[in-house]
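Engineer: Take a look at the letters that make up each chain.
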Amino acid sequence: MLLWTIIKVALGSLLANKMRSFLAMLGIIIGVGAVISMLALGAGARHQVMNRITAMGTNLLVVRPGGAQRRGVQSGSRESLTLGDAEAVLQSVPDVQALAPLVRGRAQVKYFNANTDTTIAGTSLSYLAIRGFELAKGRAFTSVEEDYAARVAVLGSAVSTQLFGERDPVGERIRVKNVNFRVIGVLKAKGDQGWFNPDDMVMVPYLTAMRRVLGQPYLDELDVQAQDAATLARVETQITSLLRKRHRIRAGADDDFHVRNQAELIEMASTVTRTFTILLGGIAGISLLVGGIGIMNIMLVTVTERTREIGVRKAIGARDRDVLSQFLIESILISGLGGILGIVLGFGVAGILSGLSDYQTVVETQSVILALAVSGSVGVFFGYYPARRAARLDPIVALRYE
Amino acid sequence: MMIETRALRKSYQLGETTVRALDGVDLAVREGEMLAITGPSGSGKSTLMHILGCLDTPDGGEYVLAGEDVARLRKDRLAAIRNRRIGFVFQSFNLLPRLSALENVELPLLYGGRHDAKNAAAQALETVGLRERMRHEPSRLSGGERQRVAIARAIVTHPAIILADEPTGNLDSRTGDEILALFQRLNADGRTLILVTHSAHVAAHCGREVGMRDGRVVNGG
Ligand SMILES: Nc1ncnc2c1ncn2[C@@H]1O[C@H](COP(=O)(O)OP(=O)(O)OP(=O)(O)O)[C@@H](O)[C@H]1O
Ligand SMILES: [Mg+2]
Numbered sequence: 001m002l003l004w005t006i007i008k009v010a011l012g013s014l015l016a017n018k019m020r021s022f023l024a025m026l027g028i029i030i031g032v033g034a035v036i037s038m039l040a041l042g043a044g045a046r047h048q049v050m051n052r053i054t055a056m057g058t059n060l061l062v063v064r065p066g067g068a069q070r071r072g073v074q075s076g077s078r079e080s081l082t083l084g085d086a087e088a089v090l091q092s093v094p095d096v097q098a099l100a101p102l103v104r105g106r107a108q109v110k111y112f113n114a115n116t117d118t119t120i121a122g123t124s125l126s127y128l129a130i131r132g133f134e135l136a137k138g139r140a141f142t143s144v145e146e147d148y149a150a151r152v153a154v155l156g157s158a159v160s161t162q163l164f165g166e167r168d169p170v171g172e173r174i175r176v177k178n179v180n181f182r183v184i185g186v187l188k189a190k191g192d193q194g195w196f197n198p199d200d201m202v203m204v205p206y207l208t209a210m211r212r213v214l215g216q217p218y219l220d221e222l223d224v225q226a227q228d229a230a231t232l233a234r235v236e237t238q239i240t241s242l243l244r245k246r247h248r249i250r251a252g253a254d255d256d257f258h259v260r261n262q263a264e265l266i267e268m269a270s271t272v273t274r275t276f277t278i279l280l281g282g283i284a285g286i287s288l289l290v291g292g293i294g295i296m297n298i299m300l301v302t303v304t305e306r307t308r309e310i311g312v313r314k315a316i317g318a319r320d321r322d323v324l325s326q327f328l329i330e331s332i333l334i335s336g337l338g339g340i341l342g343i344v345l346g347f348g349v350a351g352i353l354s355g356l357s358d359y360q361t362v363v364e365t366q367s368v369i370l371a372l373a374v375s376g377s378v379g380v381f382f383g384y385y386p387a388r389r390a391a392r393l394d395p396i397v398a399l400r401y402e
Numbered sequence: 001m002m003i004e005t006r007a008l009r010k011s012y013q014l015g016e017t018t019v020r021a022l023d024g025v026d027l028a029v030r031e032g033e034m035l036a037i038t039g040p041s042g043s044g045k046s047t048l049m050h051i052l053g054c055l056d057t058p059d060g061g062e063y064v065l066a067g068e069d070v071a072r073l074r075k076d077r078l079a080a081i082r083n084r085r086i087g088f089v090f091q092s093f094n095l096l097p098r099l100s101a102l103e104n105v106e107l108p109l110l111y112g113g114r115h116d117a118k119n120a121a122a123q124a125l126e127t128v129g130l131r132e133r134m135r136h137e138p139s140r141l142s143g144g145e146r147q148r149v150a151i152a153r154a155i156v157t158h159p160a161i162i163l164a165d166e167p168t169g170n171l172d173s174r175t176g177d178e179i180l181a182l183f184q185r186l187n188a189d190g191r192t193l194i195l196v197t198h199s200a201h202v203a204a205h206c207g208r209e210v211g212m213r214d215g216r217v218v219n220g221g
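Those protein sequence lines, which keep their order, are chains Z and W. Residues in the first sequence are numbered consecutively from 1, following my numbering. Residues in the second sequence are numbered consecutively from 1, following my numbering.
The set of hints was computed from the structure by calculation and includes no laboratory data. The structure presented is a predicted model; accordingly, all values stated were derived computationally and were not measured. Idealized CB from N, CA, C, for every residue including glycine. Careful, some of the hints might be misleading.
Quick list of in silico lysine-lysine cross-link-like pairs, BS3-like style, CA-CA up to 27 Å [said to hold, decoys possible]:
no., chain 1, residue 1, chain 2, residue 2
1, Z, K110, Z, K137
2, Z, K18, Z, K8
3, W, K118, Z, K8
4, Z, K188, Z, K137
5, Z, K8, W, K75
6, Z, K110, Z, K190
Partial chain Z-side listing against chain W, Cβ under 10 Å, derived [to be verified]:
no., residue
7, T5
8, I6
9, V9
10, R313
11, A318
If you only want the chain Z side, here are some residues facing chain W, beta carbon under 10 Å, derived [what the hints assert, rightly or not]:
no., residue
12, L2
13, E309
14, D394
Between the sequences and the hints, there should be enough to build the whole structure, so can you do that?
Structural biologist: Here it is as structure tokens:
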């Protein structure tokens, strides 16, 4: 029998029992809708985390003093990283695009009566490019200002608003820990990242910070930007061996610094969000299973109800496989149609979720394809047993059925 | 011979007792014959018809249909024989309620994989005089019209044999006569016809009458 004819017959019997067909579909609709919206939630979380990580800068290696953490305990000195290390890395490691030393501390910043507690970041001009900051107003400090420990400051946008409101701070004088600074520029806002706010800081030349504000001779961080993603790993190993040599660490001994690779960070974050997605998707998948059982139930009822029809079809020459495919296609139609409606529902729920909360949702093409494939297979899987039961009916027994 | 059976047996187990529905049936039917099978209720007429129509298989004995031994064929082969070589007409019509007359008549052609189903089905309905009612569902047709649709469905694949189990049993005598006349016409066109009937009037219009009792042929066999 032609496929189109079978589909027509199956559609006809679905339409003859509209309410029942819809109820049978409902399980699949809800199941697929849940899968789609949960996967969208997972994908949204992944995108959000990725955006945050890349907002920190691209192809980034962060070197910090102290060994890698083991069982929450940090080994090695917190005072192992020096300006000499920074200089050496820049001089002798190839594929380093840019490098910025960083010293960091909290301090109160005042402008007349206004004041705010913020992070003082002592660094170099290249910090802007590495961390992806842009200037909103004014300029960044020059290398001459860096070398002479000039008292100039570039304000993060949050600090600028705190102290100056809408006014232009460029050229004004502020006090940081009783040291006068001249504001030479303001950064563009990057936006609050949740766990920290990159706009809440004041950037000053590293020497100025080390000598005049924080009074510390060592670095808190060394930000290194590699040429591209491919060289990231090589640059990391070269920095490690260079610093071990400079710090005179014997073979076998632990590092007194650690390097964090952005690629590893992305890896870690995507592992976390993948687990989250699998968990959500799995829970939603269970409702799909329940939907499948609903279809099986309806199909068993249908087969029983139509026993006589099956007998008639067999009497005029339908083979077992004709009857099998008729009922199988009917259940695939129910689940497939349910799947399509479920996708529509999933899109709707995902939209509502991201509208009502801070969660971002992204419906990915692959999860739509997955949902369609799964709901189709649910139809085959749960429709097969009832269809086989119909196909195996003895024609005479079926014809006699009242 | 179109149909030849030897010592056909079929029994049913009803609790402790065994019902011998067919207890050694020998029957031979020539091509082009119009045969009536009569006998009291429970004598095994329907059981025999189901086996002749390849809807059921015998427990023992032989059944040769147009030279082919069909007593123990596989299910798919039996389905193909039902589809092409035999047309079966039931007492209770057995039309599919949601399909139109035309679609009902089309069905055997679709299962046979034919592509010109619409035309052939319309032609069969024309033969039984129902061409103008072909869009109607069975529920909008009278009993006689329904049986004529069923006959159109039985003849649409041009089978050599038509089997009818009490085809006029649910009809009044006038409508029954019309159906009988239709069968006679089909027989005149060369088809072999076997029909079960309780009516002496119908039996008298057949070429030969075979009587059954307690699962055996008792006369005319
Ligand atoms: N499926 C079955 N299970 C048990 N017994 C059966 C079954 N089918 C038929 N029989 C028995 O077999 C015997 C013959 O039945 P059959 O239907 O062939 O009779 P019949 O001659 O067609 O009768 P009627 O004229 O009433 O239609 C009966 O005794 C009946 O009870
Ligand atoms: Mg009978």
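Engineer: I'd like to know which numbered hints this structure contradicts. Please list them from smallest to largest.
Structural biologist: Nothing - there is no hint that the structure violates, so all of them hold.
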